[in-house]
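**Student:** Take a look at the letters that make up each chain.
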Amino acid sequence: MTQRTVAKRIYPYLLIGPAVVFVVFVSLYPALYTFYLSVHRTRRGVMEYIGFRNFEIIWESSNFWNSIQLTFIFGFAFLLLVIGLGLALALVFNSRLQGNTLYMTIIFIPWMISEVVAGVMWRWLFLPNLGVLQNLLGPLFASDGGTYMFLSDGTGAMGVVVMATFWRSLAFATLLLLAGLQTIPSELGEAASIDGANRWQAFRRVTWPLLLPTTQVTVVFMSIQAVNAIGMFLSITGGGPGRATEVLSLQMYKEALQFNNWGYAGSLAVVMFFINAALAVIYIRSLQSQNAFD
Amino acid sequence: MTQDIRSSEVLNKAQAAHEIERGSGVLVILRRWLPGSYGRLTIHIVLIALCVMILFPIVYTTLTSLRPQGFGLSRQILPTDGLYMGHYERLLSTPRFIRQIANSGINSLGGAILTTLIASMAGYAFARLRFAGRRYFLLFIMAMMMLPGITNLIPLYRIASDLGILNTYFVMIVVYGTYGIPFGIWIMKGFYETIPRVLEEAAAVDGANPVQTLVHVVVPMSMPGLVSVFMINFVFNWNDFLTALVLLRSTAMKTATVGLFDYQNQLTGNNSELLAAAAILIMIPGLIIFLIARRAFLQGMIEGAVKG
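Chains as they are written, first to last, in this note's numbering: chain A, 117 to 410; chain B, 39 to 346.
There could be a bad hint or two in this list.
With a straight-line cut-off of 20 Å between C-alpha atoms, the simulated EDC-like cross-links for lysine to aspartate or glutamate are [stated by the list, open to error]:
1. A:K370 x B:D300
2. A:K124 x B:D300
3. A:K370 x A:E176
4. A:K124 x B:E238
5. A:K124 x B:D244
Bear in mind the hints are in silico, worked out from the structure with no lab data behind them.
With the sequences and hints as input, model every part of the structure.
**Tutor:** This is the structure in structure tokens:
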């Protein structure tokens, strides 16, 4: 082999090398380290191997099951809103409405705002006695003629975080669904309407089956966002009142960085790792099926 | 797209003309001024209402930031005594705030530059070159993108702590730089796939080696892609809260978003106007870049999330 062909052979690896090295050190190595953490405990700053004891502890911990439940409730409520309204908006924008770009730009603004800034703003709206939405909506939600305090009640606090997260992510879901809709040739819908289908039938029989793969991708993408959501919880509720909004990611953060309970946090991280890995597999699968579809 | 809008305009006009023949008066004029049918009008009303609701928290925070201190959060929405700029002046002369804004800037800029360099090289290789394991490397990087946020940061904190690099620009730039890589690769790969190979082939025929081709032909061609990867990553790094919260523990090194979080936790109720002003100042750079480069952002996001 001449020098030139050797150079040509290693050239691609030189180009992707830095990317692979950085990803290995910053993403893969910590992921493996999580597994190491999960089978150890810290005693006076020293790591001690304890096998699967941490997993037994979290399995028996009511806090763990509470946070799993809260994560699912949060994810479900968030997905329902974001996919529902996202789909409606995507369909509206796809009909080439005048002013589309302006609407889309405005709806996108929250995504460009830091989670913590968004969280701070939303918390203000619902501060007891001061928040403008608290004062406006509080009386409407009260059952006994008093005022409902959103952030002092578990359901209310969760509702505020769901709304804030939904507010921030709506545009992104819309954009993904719109991208999918735009790959569907409009002639198909027209053909259906010529054949006498009404709008709903055309959507149900023609657009929806073609849109399903994109919807799947969007649902999985948003699920990943929901499972890992933590910024809004930190800045709006901090997990409270009590543990009423302490989702899995927040519990992990607190155990590790506030209580120095690294083994416990590590085993929570392993649970999160598997949830994320499962979602990632579904995500990549649905992407591939979508590409095959194109 | 423009063509379609035009043709729908033509259609609307034809419709309106038809209506005039039928003689439905004022409504016809209304229809000509307001796009489309009543259905469309309803849709516009709903969308405008939605936009108002979406902008409400931002507008409300802005108004709060323009009120003198101690005025309270919600006594009234509109300020009556003119706009008070005192909170902004105070913030911009507070060394701690300036320092944290500068930290945000340094980390975001460093991270975005690192991402752009690494992702464009890799994106080029994945788009243009055929090599053993190409598919697996791509899948590996993509899979790693799926281990986001706090799950990654908990062990990363330990590792950085052991290496003694917590509270440094170095760790922030490396971590931001890496977090942007998978996304950057998708955008650059997609971008290179749209540029014809002819120029590169011509350069090769003229005897340029791959490195020369890259520097003199490929890089100048890929400026739009590079700029959009850079901008998107800059804004994401600027807005980041969680990574900085975990990896930066000293006040001097904290970024503006973490600073805001700390101030908020000290919120007693009568300094909310100052906090609102800080929130607005942190929000502004990201919004400006987004509004300037809207198209690049919207396209980049789709590429990054949907196309593999």
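**Student:** Each hint should be assessed against the structure and marked as holding or not.
**Tutor:** Here is how each hint holds up against the structure:
no.	hint	in the structure
1	A:K370 x B:D300	holds, 16 Å
2	A:K124 x B:D300	violated, 53 Å
3	A:K370 x A:E176	holds, 18 Å
4	A:K124 x B:E238	holds, 15 Å
5	A:K124 x B:D244	holds, 17 Å
When held up to the earlier numbered hints, the structure conflicts with hint 2 and nothing else.
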